[in-house]
Each structure stands twice: as structure tokens, then as C-alpha cells.
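Colleague: Note that the protein sequences, when read in sequence, are chains R and X.
Under my numbering, the first sequence has 56 at position 56, and the numbering climbs by one with no breaks.
Under my numbering, the second sequence has 82 at position 82, and the numbering climbs by one with no breaks.
It cannot be assumed that every hint is accurate.
[Stated by the list, open to error] Pair by pair, the computed Cβ-Cβ distance ranges are:
{"hint": "1", "chain 1": "R", "residue 1": "56", "chain 2": "X", "residue 2": "245", "range": "32 to 38 Å"}
{"hint": "2", "chain 1": "X", "residue 1": "257", "chain 2": "R", "residue 2": "2", "range": "47 to 53 Å"}
{"hint": "3", "chain 1": "X", "residue 1": "177", "chain 2": "R", "residue 2": "32", "range": "53 to 59 Å"}
{"hint": "4", "chain 1": "X", "residue 1": "177", "chain 2": "R", "residue 2": "27", "range": "51 to 57 Å"}
{"hint": "5", "chain 1": "X", "residue 1": "336", "chain 2": "R", "residue 2": "15", "range": "20 to 26 Å"}
{"hint": "6", "chain 1": "X", "residue 1": "35", "chain 2": "R", "residue 2": "69", "range": "55 to 61 Å"}
{"hint": "7", "chain 1": "X", "residue 1": "27", "chain 2": "R", "residue 2": "22", "range": "34 to 40 Å"}
{"hint": "8", "chain 1": "X", "residue 1": "60", "chain 2": "R", "residue 2": "69", "range": "47 to 53 Å"}
{"hint": "9", "chain 1": "X", "residue 1": "177", "chain 2": "R", "residue 2": "70", "range": "57 to 63 Å"}
{"hint": "10", "chain 1": "X", "residue 1": "29", "chain 2": "R", "residue 2": "56", "range": "32 to 38 Å"}
{"hint": "11", "chain 1": "X", "residue 1": "202", "chain 2": "R", "residue 2": "56", "range": "41 to 47 Å"}
{"hint": "12", "chain 1": "R", "residue 1": "15", "chain 2": "X", "residue 2": "186", "range": "35 to 41 Å"}
{"hint": "13", "chain 1": "X", "residue 1": "35", "chain 2": "R", "residue 2": "27", "range": "50 to 56 Å"}
{"hint": "14", "chain 1": "R", "residue 1": "11", "chain 2": "X", "residue 2": "69", "range": "37 to 43 Å"}
[As the list claims (entries may be wrong)] Calculated cross-link-like contacts (lysine-lysine; reagent style DSS-like; alpha-carbon spacing at most 27 Å):
{"hint": "15", "chain 1": "R", "residue 1": "14", "chain 2": "R", "residue 2": "2"}
{"hint": "16", "chain 1": "X", "residue 1": "336", "chain 2": "R", "residue 2": "35"}
{"hint": "17", "chain 1": "X", "residue 1": "106", "chain 2": "R", "residue 2": "12"}
[Said to hold, decoys possible] Partner residues are not named here, just some residues of chain R that face chain X (Cβ under 10 Å, in silico):
{"hint": "18", "residue": "11"}
{"hint": "19", "residue": "12"}
{"hint": "20", "residue": "51"}
No lab work stands behind these hints: they were computed from the structure.
Don't be surprised by glycine CBs; every beta carbon is placed ideally from N, CA and C.
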Amino acid sequence: MKVKVLGPGCAKCKALYGEAAKAIASLGLEAELEKVEKLEEIMAYRIMATPALVIDGEVKSAGRLPSATEITTWLSAAGAKQ
Amino acid sequence: MNEPLSLPVLPTAPAEAGERIAPAAPPRSARLVASGVVLLALWYAVYRGIAPLADFLTYGVLRLARETPFSSAISFFLYEVPKVLLLLLLIVFGVGIVRSFFTPEKTRQVLAGKRESLGNVLASLLGVVTPFCSCSAVPMFIGFVTAGVPLGVTFSFLVSAPMVNEVALALLFGLFGWKVAALYAGTGLLVALVAGWVIGRLKLERWVEPWVYAIPAGEVGGDFAPPTWVDRIGAGKAAVKEIVGKVWPYVVAGIAVGAGIHGWVPANFMAGIMGKQAWWSVPLAVLIGIPMYSNAAGIVPVVQALLGKGAALGTVLAFMMSVIGLSLPEFVILRKVLRPALIAVFAGVVGTGILIVGYVFNFVL
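Hey, can you work out the whole structure from these sequences and the hints?
Modeller: The structure is reproduced here in C-alpha cells:
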């Protein structure tokens with residue numbers, strides 16, 4: 001599974017990265033977590049607000065810090081698919 | 001309505017299950033509305049109680065003599081701090097809920113098909129209600145431009161979004177009254193509208209970094225489920241936590257300094273420095289405002305206290321607009337998509353608009 005956190009490095013982007021890392025660890029998933037900070041790469045996902053969470057190429061949230069429950073739900077759903 | 005009858009009539013079981021759950025929902029939304037009304041009434045009661053309470057604490061509990069610099073500073077502080085914080089709480093919460101009805105994607109959809117002049121009007125208005133943070137200025141700029149929103153219309157949005165914001169409105173409402181807050185919102189919108197229109201007329205697309213136009217246009221990723229009322233209230237609470245949590249120390253500190261000025265600085269002391277006669281006070285206020293940002297919340301109460309000592313309203317409005325409308329960090333962020341020349345034009349046009357607002361209010365009012 002590939003998980004990406006898109007954001008140029010604002011406070012919320014860092015918080016989202018931390019939450020995602022925590023959720024992956026607590027679910028015991030084998031996931032590759034990546035921080036995407038280059039604007040050209042961020043814009044390839046056509047989002048209009050950061051931070052954004054991308055799981056396996058799919059934008060799950062943009063412009064807000066989703067709750068830990070939401071992140072866990074998305075991650076376990078993506079994990080079940082594999 | 002005819003719920004008992006509908007059960008045998010409706011054929012499919014899942015639909016019935018849905019219908020049976022539905023009646024359970026009203027009590028919940030009714031509870032939501034009821035608690036909203038109760039909280040609002042409570043808020044109002046507390047708000048009305050501040051003045052007598054501040055008076056009672058100053059003269060009843062602390063037993064200070066009336067009309068001394070010390071007692072007038074104390075009663076000013078005890079009155080203004082809870083008043084401004086309460087207004088901040090209510091306005092930030094309300095704006096948080098209103099913003100949950102708007103998304104950058106919807107705003108972009110509205111603006112994409114519009115002509116320039118109408119587009120400028122709509123962009124300025126939508127800038128107020130669309131969720132915006134300066135760290136998202138670049139993705140928003142690219143999203144707009146690649147969807148075919150004209151450059152000038154995009155700028156109208158980028159000017160109004162930070163300038164006409166809930167913290168500025170709450171502070172101005174609390175410290176200067178609703179008329180000044182409305183004046184600020186109206187002239188802020190006008191500056192955004194005209195500045196965007198002027199930038200559009202100048203045809204400066206060549207000063208946008210070329211890679212922006214190389215991004216293929218298309219639908220924005222992430223089509224999310226519409227929020228429920230519980231989500232919207234959550235958004236309001238989150239806004240309070242984030243914004244009020246950040247600005248309250250500045251507000252308290254600013255009012256403390258303001259209280260000192262209120263008590264000890266002689267009347268008309270500021271007239272020579274920030275009064276109507278000092279023509280240079282408006283440009284100076286704009287220049288000082290550019291490098292300031294969230295600490296603005298602490299500056300406004302100070303300026304308000306100075307206003308009572310002879311400073312001019314136009315200067316105050318220009319200062320406030322410059323602090324949040326022209327911010328150095330935002331210029332740095334926008335540098336990724338705009339050539340320095342375009343950033344300079346942007347700052348110049350908006351700055352000129354703010355200067356005009358300052359002078360008009362100083363000389364007309």
C-alpha cells in the first residue's frame with residue numbers, strides 16, 4: 001500500500017503525516033508512507049487545498065485534518081483490498 | 001406521516017429499514033436546535049452582563065476610587081477582554097459553520113464560466129465564505145487558473161479571502177461597533193473587486209510561471225460526501241479551537257496595553273501622529289502593516305485606545321487591511337507561481353486601494 005501526504009510543510013500537513021504514521025503502526029499495515037512537498041507533484045493530484053491524504057493513488061481528503069477514526073477507516077479498507 | 005400504514009405497503013425490506021430509522025432522527029436534530037438556542041441565549045445573557053460585572057468588580061470588589069487613571073484602566077480591561085473574546089467565539093463559530101457550505105471546488109466551478117467584471121464581483125464575495133488558509137494559496141491559484149478562471153478574477157479572490165475575515169470583523173465589531181465593521185467589510189470587498197479588475201486589464205498572464213499553465217486542466221480529485229449538520233457544528237468548533245486558540249493571547253495583551261493608554265495617555269495625544277492632519281499617517285500605517293500578521297489581533301485594541309486620543313478612523317482601517325491583506329509570508333508562497341514583477345504589481349495595486357480607503361475615510365468622515 002502506498003500512502004502519501006501532500007502539503008508544502010504547513011502545521012496541518014505535519015500533523016496529518018504524524019496521524020497517518022500512527023494509524024499505520026497501530027493497524028500493523030505494511031505501507032509506504034511518503035511526504036510530498038514539491039508543488040508540481042502535489043498539483044498532479046488536482047487538489048485545491050492542502051493537506052491532502054492519498055491512499056493508493058486515491059485522494060481521500062483535502063484541505064483539512066481528518067480525524068484519527070477516518071484515517072483508520074480508510075487505511076483498513078485499503079488494507080482489506082489487498 | 002402515515003408511518004404505521006406504510007409498513008405493509010412498501011415492498012422492499014431495506015427501504016423499510018431506512019424509513020424506520022428516519023423517525024429516530026428528528027429528536028436528534030431537535031436536540032441540536034434546542035441546545036443551539038439555549039447556548040445562544042446563555043451567550044447573550046453573559047454578553048449583557050459584562051458591563052455591570054466589570055463595574056461591580058472595579059468599584060464594588062476592588063473598591064477603587066472613580067475617575068482615576070488606574071480605575072479607568074482596570075474597568076476598561078475587565079470590560080473589553082470578555083466582550084471581545086465572546087464576540088470572537090460567536091463570530092468564528094458562525095463563520096466556521098457558514099464555510100462548511102462552501103468548498104474551493106464549488107467556488108471554482110462558479111467562477112470558471114464567468115466574464116471578467118461579474119467574475120470579479122463573485123470572486124470577491126466568494127473569497128469571504130470559501131475556506132481559505134494562506135498555505136493553500138498556491139494550490140487554489142493553480143486550480144483556478146487551470147480551470148479557465150481569468151487571472152484578474154483569481155486575484156479578486158486572493159485579495160478578499162484573507163482581508164475580509166472573521167477575526168478582523170469580530171475585533172472591529174467589538175472595539176469600534178458594527179458600523180465600522182460593516183464599513184471595513186464593504187470597502188475590503190471593493191478593494192478586492194477593483195484590484196482584481198485592474199490586474200485583469202493589465203493582461204499579465206506572461207508573468208505567471210509557465211509551469212502553471214503546463215498543468216493539464218481537468219476535474220479536481222476527491223469528490224467528498226456532503227457534510228451533515230453534526231459535521232458542520234464540528235467545523236465551527238474546530239475553527240474556534242484553531243483560530244480563537246491562536247489569537248486570544250494577543251487580544252488580551254493588546255487590550256492590556258490599550259487599557260494603559262486609556263488610563264494614562266492624555267487626550268488628543270495621538271492627533272499629531274495619527275490624526276487627519278498628518279497626511280503621511282496612512283502610507284505609514286500601510287507600510288507598518290505589511291510584515292505583521294496574526295499579531296494583528298493584539299494591535300487593534302491598542303489602535304482603538306489611540307483612536308480615543310485623536311487618531312483617525314481611515315488610518316486605522318488602512319492599517320487593519322494592510323496587516324491581513326498584504327502579508328509578506330503570502331508573497332513568499334506566491335513566488336512559486338508568480339514572477340516577482342507580478343507580485344510587485346499585486347502589492348502595488350492592492351496597496352494603492354488601501355491608501356485610497358484610508359484617505360477617503362479620513363477626509364470624508
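Colleague: Does the hinted range 47 to 53 Å hold for residue 257 (chain X) and residue 2 (chain R) at CB?
Modeller: The hint (47 to 53 Å, Cβ to Cβ) holds, given that residue 257 (chain X) and residue 2 (chain R) are roughly 52 Å apart.
Colleague: Using the beta carbons of residue 177 (chain X) and residue 32 (chain R), state whether their distance is inside 53 to 59 Å or not.
Modeller: holds, 56 Å
Colleague: Range first: 41 to 47 Å. Now tell me if the beta carbons of residue 202 (chain X) and residue 56 (chain R) are that far apart.
Modeller: Since the Cβ atoms of residue 202 (chain X) and residue 56 (chain R) sit about 44 Å apart, the hinted range of 41 to 47 Å holds.
Colleague: Quick check: does the Cβ-Cβ distance between residue 35 (chain X) and residue 27 (chain R) fall within 50 to 56 Å?
Modeller: violated, 35 Å
Colleague: If you take the shortest Cβ to Cβ gap from residue 51 (chain R) to chain X, is it below 10 Å?
Modeller: Where the cut-off is 10 Å and the nearest Cβ of chain X is about 9 Å from residue 51 (chain R), the hint holds.
Colleague: Taking 27 Å as the top limit, are the C-alpha atoms of residue 106 (chain X) and residue 12 (chain R) close enough?
Modeller: Status holds; Cα separation ~23 Å.
Colleague: For the pair residue 29 (chain X) and residue 56 (chain R), does the Cβ-Cβ distance stay inside 32 to 38 Å?
Modeller: Since the Cβ atoms of residue 29 (chain X) and residue 56 (chain R) sit about 36 Å apart, the hinted range of 32 to 38 Å holds.
Colleague: Holds or violated: is there a CB of chain X closer than 10 Å to the CB of residue 12 (chain R)?
Modeller: holds, 8 Å
Colleague: Using 10 Å as the Cβ threshold, decide whether residue 11 (chain R) counts as touching chain X.
Modeller: Result: holds, 8 Å to nearest chain X Cβ.
Colleague: Does the Cβ pair residue 35 (chain X), residue 69 (chain R) satisfy 55 to 61 Å?
Modeller: At roughly 23 Å between Cβ atoms, residue 69 (chain R) and residue 35 (chain X) fall outside 55 to 61 Å, so the hint is violated.
Colleague: Given the range 35 to 41 Å, decide if the beta-carbon distance of residue 15 (chain R) to residue 186 (chain X) lies inside it.
Modeller: Holds: the Cβ-Cβ distance is about 36 Å, inside 35 to 41 Å.
Colleague: Tell me if the beta carbons of residue 11 (chain R) and residue 69 (chain X) are separated by a distance inside 37 to 43 Å.
Modeller: holds, 41 Å
Checked against the numbered hints given earlier, the structure breaks hints 6, 9, 13 and satisfies all the rest.
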